[in-house]
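Visitor: Sequence:
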Amino acid sequence: MKIYGIAFIKNGVKFDFPFKESLLSMVDLVDKIYINVGLSDDTTLKEVKKIPKVEIIEVDWDDRRSDGGHILSDMTNIAIKKMREEIQDESAWAVYLQSDEVLHEDDLPIIKEDLQKAQDQGCDVLRFRYMHFWQKNDRIAIGKRWYPQEIRAFKVNSPILSHGDAQTFENWNKAYESDAHIWHYGHVRDERAYRAKLDQMSKYYQRGLRHYRKKFQAWFKDTFFGEKTMTFYGDHPEVMRMRVANQGGYPDGPAIASLRLTGNFDRFSSKLLTKINTPRLITSNSNTEATTRTVNTDKFKLHKSLSPICREWTEDFKLIIELSRKGIGFRKR
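In the numbering used here, the protein residues as written are 1 to 333.
To be clear, the hints were calculated from the coordinates, so they are not data collected in a lab. Any given hint could turn out to be false.
[Claimed, not checked] Restraint ranges, calculated between C-beta atoms of paired labels, are given here: (1) Thr292 x Lys81: 25 to 33 Å; (2) Asp190 x Asp266: 39 to 47 Å; (3) Pro52 x Thr294: 15 to 23 Å; (4) Lys46 x Thr292: 47 to 55 Å; (5) Lys50 x Glu105: 18 to 26 Å; (6) Ala193 x Asp62: 20 to 28 Å; (7) Lys299 x Ser158: 21 to 29 Å; (8) Ser284 x Gln200: 36 to 44 Å.
[Claimed, not checked] Pairs of lysine-lysine residues, derived as DSS-like cross-links and limited to a Cα-Cα distance of at most 27 Å, are as follows: (9) Lys50 x Lys117; (10) Lys228 x Lys117; (11) Lys301 x Lys275; (12) Lys326 x Lys117; (13) Lys53 x Lys112; (14) Lys197 x Lys136; (15) Lys50 x Lys32; (16) Lys136 x Lys112; (17) Lys228 x Lys112; (18) Lys144 x Lys301; (19) Lys49 x Lys82; (20) Lys32 x Lys136; (21) Lys136 x Lys2; (22) Lys117 x Lys271; (23) Lys228 x Lys144; (24) Lys112 x Lys46; (25) Lys20 x Lys197; (26) Lys2 x Lys14; (27) Lys271 x Lys112; (28) Lys301 x Lys326; (29) Lys174 x Lys197; (30) Lys271 x Lys332; (31) Lys174 x Lys304; (32) Lys271 x Lys144; (33) Lys81 x Lys49; (34) Lys14 x Lys46; (35) Lys2 x Lys32; (36) Lys144 x Lys32; (37) Lys49 x Lys174; (38) Lys318 x Lys299; (39) Lys197 x Lys50; (40) Lys304 x Lys318.
For every residue, glycine included, the Cβ atom is placed at its ideal position computed from N, Cα and C.
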C-alpha cells in the first residue's frame, strides 16, 4: 500500500507553528508529502524545502475570504488535487496533518496496520484519536468542545475533500476507528506569536462567526480559557522533544524511585510498562516488598473525555492518565 501526506502552511515561522516537526513526523510513514505553502512574510518556504519527500505547491492565498475558515479547506484541497493529478493507485491512502498536529513514532506501525484493515473492510477514511494540549505541554483539554476523534486519513482514489475550516472531510462513506493519536500542539507556543495567530484566524473566521475582528480574541478567551484540563506525563513524539524542552517543558515525565502496580495489569502493553519513569517497577499483587507508591490499576478515575462523542480510552492511555494524575511520568526507551 502506498501512503501519501497532505499539509498546508503559511507564515509558519511568524506564528510559531510546529510545522517542521509535523512534517517530519510523517516522513517515515509516507512516500511523498504534498504541501500547499502560502506566500509568507518569513522563512517558511525555506524551512519546508529542508524536509525530505516534500512536493511544494506555492499559492498566493486569498486572505480576504473570511467566511468561517473555508479558506483553510480550500488550501487543503489544492494539495489534494495536486496529489490526485499524479496518483491514480486504487489502493493508495493519504494522511493529512495540519501544521500544529504531530504523529508519535510509536503510532506509525499502528497507522499502517489500520489503513490495511480499513482497506480490507471497505472503509474510505481513518479516524484518529486526539490529544489537545492546552497552554502547556503537560496539560490536555478534555472539555466538551474539543473533538476527541477526527478523520485524518482517506483513500486517494475517492471524491473525499476537506470541508469547512479544514477540521474534517466530506463525501466519505465508512470510517475505521484507529487508536493512533494526533498530538495537537496548536495552543502551546510563544505568547506573542500565539496572539498574532489568533488575530490572523479572526480574519479567516470573521463572517462565519459573525464577530468583528476586535471581538474575536475576547470571544476565544470567554469560550476556551476556563477549559477543563488534566495532567499528561506521557512521552512526547521524538520530533517534539527539543521544542518541548525549549518551551520550558519536560519531554519525559517525573520520575519515581519505585512503583508497584496491582490489579489486572496484564491488559497493558509491555512496551508501555517499560516506559514508566522508575528504575524499579513491581507488577505484583503482594505487598512483601516496600515501594514508594502503589497504584491499583483496577480503580482508574478517568475513562474518557467530557465530549459525548468520545470513545472510551484504551487501557494503555488510561494508565498514562492515572499515573500522570498521581505525578508519575513516562520516558523514552
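Visitor: With reference to the structure, classify each hint as holding or not holding.
Guide: Checked hints:
Distance hint check: the CB atoms of Thr292 and Lys81 are about 57 Å apart, inconsistent with the given range 25 to 33 Å. Distance hint for Asp190 and Asp266: a CB-CB separation of about 44 Å, consistent with the stated range 39 to 47 Å. Taking the beta carbon of each, Pro52 and Thr294 are about 46 Å apart, not inside 15 to 23 Å as hinted. At roughly 49 Å, the beta-carbon separation of Lys46 and Thr292 lies within the given 47 to 55 Å, and the hint holds.
A C-beta distance of roughly 19 Å is found between Lys50 and Glu105, which places it inside the suggested range of 18 to 26 Å. Separation of Ala193 from Asp62 is about 23 Å and conforms to the stated range, judged on CB atoms against 20 to 28 Å. For Lys299 and Ser158, the hinted distance range of 21 to 29 Å is not satisfied, since their beta carbons lie about 45 Å from each other. Evaluation of the 36 to 44 Å hint for Ser284 and Gln200 yields a failure: the beta carbon distance comes to about 54 Å.
Simply put, Lys50 and Lys117 have alpha-carbon atoms about 33 Å apart, too far for the 27 Å limit, and the pair is violated. The straight-line distance between the Cα atoms of Lys228 and Lys117 is roughly 35 Å, outside the 27 Å bound, and the hint therefore fails. Our distance criterion of 27 Å between C-alpha atoms is met by Lys301 and Lys275, whose separation comes to about 21 Å. Proximity of Lys326 to Lys117 is assessed by CA-CA distance (about 36 Å); at most 27 Å being required, the pair is judged violated.
About 18 Å separates the Cα atoms of Lys53 and Lys112, which keeps this hinted pair within 27 Å; it holds. A C-alpha spacing of about 17 Å is found between Lys197 and Lys136, which places the hinted pair at or below 27 Å, so the restraint holds. Among the hinted pairs, Lys50 with Lys32 is consistent with the structure: their alpha-carbon atoms are about 14 Å apart, no more than 27 Å. Between Lys136 and Lys112 the CA atoms are separated by roughly 30 Å; this puts the pair beyond 27 Å, and the hint is violated.
At roughly 33 Å between alpha-carbon atoms, Lys228 and Lys112 are farther apart than 27 Å, so this suggested pair is violated. The straight-line distance between the Cα atoms of Lys144 and Lys301 is roughly 18 Å, inside the 27 Å bound, and the hint therefore holds. Distance restraint check for Lys49 and Lys82: the Cα-Cα separation of roughly 18 Å lies within the 27 Å cut-off, and the hinted pair is therefore satisfied. For a cut-off of 27 Å, the pair hint linking Lys32 to Lys136 is broken: about 32 Å separates their Cα positions.
Simply put, Lys136 and Lys2 have alpha-carbon atoms about 36 Å apart, too far for the 27 Å limit, and the pair is violated. About 23 Å separates the Cα atoms of Lys117 and Lys271, which keeps this hinted pair within 27 Å; it holds. Distance check on the hinted pair: Lys228 and Lys144 sit about 9 Å apart at the alpha-carbon level, within 27 Å; holds. Pair hint Lys112 plus Lys46 does not hold up; C-alpha atoms about 30 Å apart against a cutoff of 27 Å.
For the hint linking Lys20 to Lys197, the alpha-carbon distance of about 17 Å falls within 27 Å, and the restraint holds. With a C-alpha separation of about 34 Å, the suggested pair Lys2 and Lys14 falls outside the 27 Å cut-off, and the hint is violated. Taking the CA atoms of Lys271 and Lys112, the gap is about 19 Å. The hint holds against a cut of 27 Å. A threshold of 27 Å between alpha carbons decides the hint, and for Lys301 with Lys326 the separation of about 11 Å falls inside it, so the pair holds.
At most 27 Å may separate the alpha-carbon atoms for a hinted pair to count; Lys174 and Lys197 exceed this at roughly 34 Å. A C-alpha spacing of about 10 Å is found between Lys271 and Lys332, which places the hinted pair at or below 27 Å, so the restraint holds. Of the supplied pair hints, the one linking Lys174 and Lys304 holds, its CA atoms being roughly 23 Å apart against a limit of 27 Å. At most 27 Å may separate the alpha-carbon atoms for a hinted pair to count; Lys271 and Lys144 exceed this at roughly 31 Å.
For the given pair, Lys81 sits about 20 Å from Lys49 by alpha-carbon distance, which is consistent with the 27 Å threshold. Taking the CA atoms of Lys14 and Lys46, the gap is about 13 Å. The hint holds against a cut of 27 Å. The straight-line distance between the Cα atoms of Lys2 and Lys32 is roughly 9 Å, inside the 27 Å bound, and the hint therefore holds. Between Lys144 and Lys32, the direct Cα distance comes to roughly 35 Å. Violation of the 27 Å bound is thereby established for this hinted pair.
Between Lys49 and Lys174, the direct Cα distance comes to roughly 35 Å. Violation of the 27 Å bound is thereby established for this hinted pair. A threshold of 27 Å between alpha carbons decides the hint, and for Lys318 with Lys299 the separation of about 10 Å falls inside it, so the pair holds. Of the supplied pair hints, the one linking Lys197 and Lys50 holds, its CA atoms being roughly 24 Å apart against a limit of 27 Å. A C-alpha spacing of about 8 Å is found between Lys304 and Lys318, which places the hinted pair at or below 27 Å, so the restraint holds.
The structure does not agree with the numbered hints 1, 3, 7, 8, 9, 10, 12, 16, 17, 20, 21, 24, 26, 29, 32, 36 and 37 stated previously, though it agrees with the rest.
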